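Could you fit the two chains together into a complex? Lean on the hints.
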Amino acid sequence: MSSSTTAAAPRKSAGGRFLASELSVLFRRRRTWALLAALAAIPVLIAVAVRLSSGPSPGRGPAFLDQVSQNGLFVAVVATIVAIPLFLPLTVGVVAGDTVAGEASTGTLRYLLMSPVARGRLLAVKYVGAVVFCLAATFTVAIVGTLMGALLFPVGPVTLLSGTSIGVPEALLRIALVCLYVTLSLLGLCAVGLFMSTLTDVPVGAMAATVVASVVSQVVGQLPQLEWIHPWLLTQYWLGFADLLRDPIVWDSFAANALLQAGYVVVFGALAYGRFSTKDVLA
Amino acid sequence: MSGAADLVIETAGLTKRLGGRDVVNGIDLAVPRGSVFGFLGPNGSGKTTTIRILLGLASATSGDVRVLGESIPRALQEVLPRVGALVEGPGFYPFLSGTANLLRLDAADRYVSPSTRRQRVETALERVGLSQAAGKKVGRYSLGMKQRLGIANALLTHRDLIVLDEPTNGLDPQGTREVRHLVRSLTEEGTTVFVSSHLLTEVEQICSHAAVLSAGSLVAQGSLDELRRSGEPRIRVTTPDVPQTHDVLRRLGTTPDDDGATPGAHSVTALLPAGLAPDQVVRALVEADVRVNGFSVDQAGLEDLFVALTGEGFDVVQ
Ligand SMILES: Nc1ncnc2c1ncn2[C@@H]1O[C@H](COP(=O)(O)OP(=O)(O)OP(=O)(O)O)[C@@H](O)[C@H]1O
Ligand SMILES: [Mg+2]
Numbered sequence: 032m033s034s035s036t037t038a039a040a041p042r043k044s045a046g047g048r049f050l051a052s053e054l055s056v057l058f059r060r061r062r063t064w065a066l067l068a069a070l071a072a073i074p075v076l077i078a079v080a081v082r083l084s085s086g087p088s089p090g091r092g093p094a095f096l097d098q099v100s101q102n103g104l105f106v107a108v109v110a111t112i113v114a115i116p117l118f119l120p121l122t123v124g125v126v127a128g129d130t131v132a133g134e135a136s137t138g139t140l141r142y143l144l145m146s147p148v149a150r151g152r153l154l155a156v157k158y159v160g161a162v163v164f165c166l167a168a169t170f171t172v173a174i175v176g177t178l179m180g181a182l183l184f185p186v187g188p189v190t191l192l193s194g195t196s197i198g199v200p201e202a203l204l205r206i207a208l209v210c211l212y213v214t215l216s217l218l219g220l221c222a223v224g225l226f227m228s229t230l231t232d233v234p235v236g237a238m239a240a241t242v243v244a245s246v247v248s249q250v251v252g253q254l255p256q257l258e259w260i261h262p263w264l265l266t267q268y269w270l271g272f273a274d275l276l277r278d279p280i281v282w283d284s285f286a287a288n289a290l291l292q293a294g295y296v297v298v299f300g301a302l303a304y305g306r307f308s309t310k311d312v313l314a
Numbered sequence: 105m106s107g108a109a110d111l112v113i114e115t116a117g118l119t120k121r122l123g124g125r126d127v128v129n130g131i132d133l134a135v136p137r138g139s140v141f142g143f144l145g146p147n148g149s150g151k152t153t154t155i156r157i158l159l160g161l162a163s164a165t166s167g168d169v170r171v172l173g174e175s176i177p178r179a180l181q182e183v184l185p186r187v188g189a190l191v192e193g194p195g196f197y198p199f200l201s202g203t204a205n206l207l208r209l210d211a212a213d214r215y216v217s218p219s220t221r222r223q224r225v226e227t228a229l230e231r232v233g234l235s236q237a238a239g240k241k242v243g244r245y246s247l248g249m250k251q252r253l254g255i256a257n258a259l260l261t262h263r264d265l266i267v268l269d270e271p272t273n274g275l276d277p278q279g280t281r282e283v284r285h286l287v288r289s290l291t292e293e294g295t296t297v298f299v300s301s302h303l304l305t306e307v308e309q310i311c312s313h314a315a316v317l318s319a320g321s322l323v324a325q326g327s328l329d330e331l332r333r334s335g336e337p338r339i340r341v342t343t344p345d346v347p348q349t350h351d352v353l354r355r356l357g358t359t360p361d362d363d364g365a366t367p368g369a370h371s372v373t374a375l376l377p378a379g380l381a382p383d384q385v386v387r388a389l390v391e392a393d394v395r396v397n398g399f400s401v402d403q404a405g406l407e408d409l410f411v412a413l414t415g416e417g418f419d420v421v422q
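Chains A and B, in that order, give the protein sequences.
Mind the numbering: the first sequence is residues 32 to 314 in my numbering, read in order.
Mind the numbering: the second sequence is residues 105 to 422 in my numbering, read in order.
Just chain B, same shape as in the assembly (with noise of 0.2 Å):
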């Protein structure tokens, strides 16, 4: 492992069994100071486990964790100051203000001060878009305005680090945005972002590095170029000879993403064959008197990066 001065968060072996199942299994997060993190993965995977257990809410059957270079849950009442989160979706008490529930929150947390705590918590509403609403019952609020409110809880004071789990739940493309924007000012004033996600263009848009877990494990981690340039590139091979070509190409190797051949399609994709320059591609097209009107080829999108690290399949797995 890495010195732990530029982690801001480290597991070794992180395991966590609930049910009488690993439902997170031996990973090994390394998250550097200053990034903006993506959590990736798809439903039940294990992401809210993790951040739970980041956090001190839950225990972990084994493994070691650091969060902010010191040791959870041991140091956790020196650590959980200097750290926001949204864990979970929004949890506030329905019959006070918005107002009202982040001024219990944060007179919980000893570490403050209450004289600048209304100007704060005005802040943190502001930031979030929700001045107007902040003296109505959360119970009046809509899913998005809870959500809304949940991350202005994160930014009540000045954080090192933010955990967010799926930020964007719930909010509509304007909060989408703003919450875009406010991960990169928060980055700007040197705190660290974890956000945890499925939605992919989210994190392709926001995120310097990511992680992706899949059945509790976890299968890739880096900054985002690392990620895309471990991805398998992808040949298009523009022609109006759509079956020809598929032949070709699975005489190569490789398999077209559309093997029903939608009529009138005119083009082909794949995944570039193994072993294979493009050029070679090309030249076996041409001399099986296939029409190339056009040809690229593309780095794997994150999207493409996913579905081969967890599976194609829309179960959960288990």
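Pulled out of the complex, with its shape left as it was, chain A reads as follows (with noise of 0.2 Å):
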């Protein structure tokens, strides 16, 4: 056995490896390019129906769709917005919900933890997993609605909502930190995903907790009744980018996202570490 000898001094490598391992895993899998598939068709359906419209209808619809037919750019910021309350956390659900569930259910996970694999550390490769399709996801949506955009109408510089006009490459810019903000707004909703995954080997169990979840907090955000709680919820700045189009860029609701998000993400990687660190893996 010409691999003896390296069973002989066992030596922990970096351990990159795995979390290239889940990375390819995550996008090998066919379910995982429908789920982009589907948000792809958003800004394409956007597009192509305010393509076919003869005029625009200002006043109804999500904001910035009137000036879709002026400046393609439009589409991605419109398909992003379109995107939030519901798609996004939907397949972002999915992918959460799945981290440890689903590898309950095919009988991996416990494959996974005897080959070695720290409990701690699986957690944290499956949450970075989720993080990173949150990336894709987010990017997806903006990057078919600027190609969408650039093919069906006129490109050209955009009028910030601050009254100041900038190029087409620093939109471009622009329309990229939405999505970074986009994607922190949804660390929060992956962790409690993680979470969700930790107490059930039925992954359809902890992806539909998961998205429910992101309908409640936006349903109580609803409510001027539960106006104290507000300030707490997990959607509460899901669409308070609008900072980031004024020049110069206003940088206080990212901050405030970033830091209400990382309180959900200790908060349920807490949880969800002590959950799974103890669980008797019996699947």
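FYI, nobody ran anything at the bench for these hints, they're computed from the structure.
Small disclaimer: the values here were computed from a predicted structure and weren't measured.
Fair warning: there could be bad hints in the mix.
Claimed, not checked - Pair by pair, the computed Cβ-Cβ distance ranges are: (1) A/L166 / B/S246: 34 to 42 Å; (2) A/A287 / B/E230: 55 to 63 Å; (3) A/V298 / B/G248: 41 to 49 Å; (4) A/L54 / B/R222: 18 to 26 Å; (5) B/G117 / A/A65: 28 to 36 Å; (6) B/R222 / A/L166: 47 to 55 Å; (7) B/V411 / A/A149: 41 to 49 Å; (8) A/A68 / B/G248: 34 to 42 Å.
What the hints assert, rightly or not - Partial list, computed: chain B residues near chain A (C-beta under 7 Å): (9) L184; (10) F199; (11) A211.
Glycine included, each C-beta is placed from N, C-alpha and C at the ideal position.
Set out below in structure tokens:
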């Protein structure tokens, strides 16, 4: 056995390989691509619908919709706004809810743990995998939106909310910044999904619970009677990226959102670890 | 307990409570280094649960566990790289090929060399006869192919201990035979093999040691020879006078196996009556005018021992 020499001196390697393998498994799944394709359909639908309709219908529909026909770059922004309340949490819920429960249901969880992967490390790698999916999801919407916009509409300088005008490269940068903001907004939801996923061996249950959590949070956010709770809601700053479209950029909401999401990540990360580190893996 | 140095698995009073019941109840396992250790027990007796605890998948309710001389679960991360295992059937991603699945599990192991990864995966697949199907998605594997892949995963690198939970589940006769060869070759490489099973013939063929679990308790443990010796010897009388033989044996205090006396039977088997030598039994038969055409004494097979220890009933003991 040529390999016995390597086993004789067990030395830890850095451990980036497991993360690489996790990402490669995630992106080799057909389901991941189906989710991204569903997200990509949003900007396509918006662009085609606006293109086919005769004139703009100011005052109705999502913000910036009336700008699309004049400047294709707005397809990306409108599609992102449309995706935030439901479609993004839906796809992120599927991936984050699947993290641990999915491995348990295929029986791979016990083999990963025996490989061995320490339980904390498994959670960390799973979490990072879900976050990478969030990045892929938000950028999919924005990139497909930009491409569709460029294809069907004129593209030119953008007038910001503060009235100043910026060129196309700068506008693209702002769109990328919005994507990062949206990804940041989803970090807490990923942690909630990770925790839900440690509670069950049935992935669909964890997925549903995660999506429900985001919906409930948004509903509560609409009720003025529960205003005192609003600053603590997972979804409180989800649509608060308007400040990134001013000149100069106002970072306040970005910072507030980051703090809130970090809180969710810490709390639900700790809950997930507390649950998973002592859990009997019987599936 | 004997010295830990020559024991690969050692438990003391290992107990696991699940659903309000002790499914593993104070067991003291002692698996010697270099042995092929059969872990026997009827369905639901707690074999898989014990294995899960040995490998840190579940925690013990009470009791001590040592694997490869180290305390579990404290030293789990140091011990597991030296252990290969198949627990409660294989578990793989159906959307990945056999090779990709093994590469994935190997990548999770921080103690093996990534540069030999492909080679080791290929060798392991070859050893279980899966080279042809290596590129196929596991979702399209048959039951036995998945089982083989599960065994291959245990063989990815040299291991000091290999734990196989019912390895021949779903395997065809060739596969079963290959597993026997495999276990033998692993022993030659110095690996201790711990194999759970309820197939006694299988255990008799490959194991040097065994333990018998019944409803969560260990009821016997030792080398196969020791276990056989602990079983009661059986007698077989070849005779045309079956009913008279039954009467005589009953008078001597033993119950013939086939009480209803199959019509046309020409032999009777029973446990050797306690406290009697075989010649005394023959004398009693002859004195009762039983025509004895043949008489033999057999050591109990493992199967008799197993049934004697775990009960006759087919119902799963709860
Ligand atoms: N999650 C659980 N909750 C409650 N009881 C459980 C759980 N898992 C297993 N058990 C019980 O533990 C007992 C032992 O199960 P185990 O899987 O260890 O048996 P086994 O010896 O491996 O059986 P088999 O030969 O069928 O594989 C069974 O009676 C089972 O009902
Ligand atoms: Mg079992």
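Against the structure, test the hints numbered earlier, and report the numbers of the ones violated in rising order.
5 and 6
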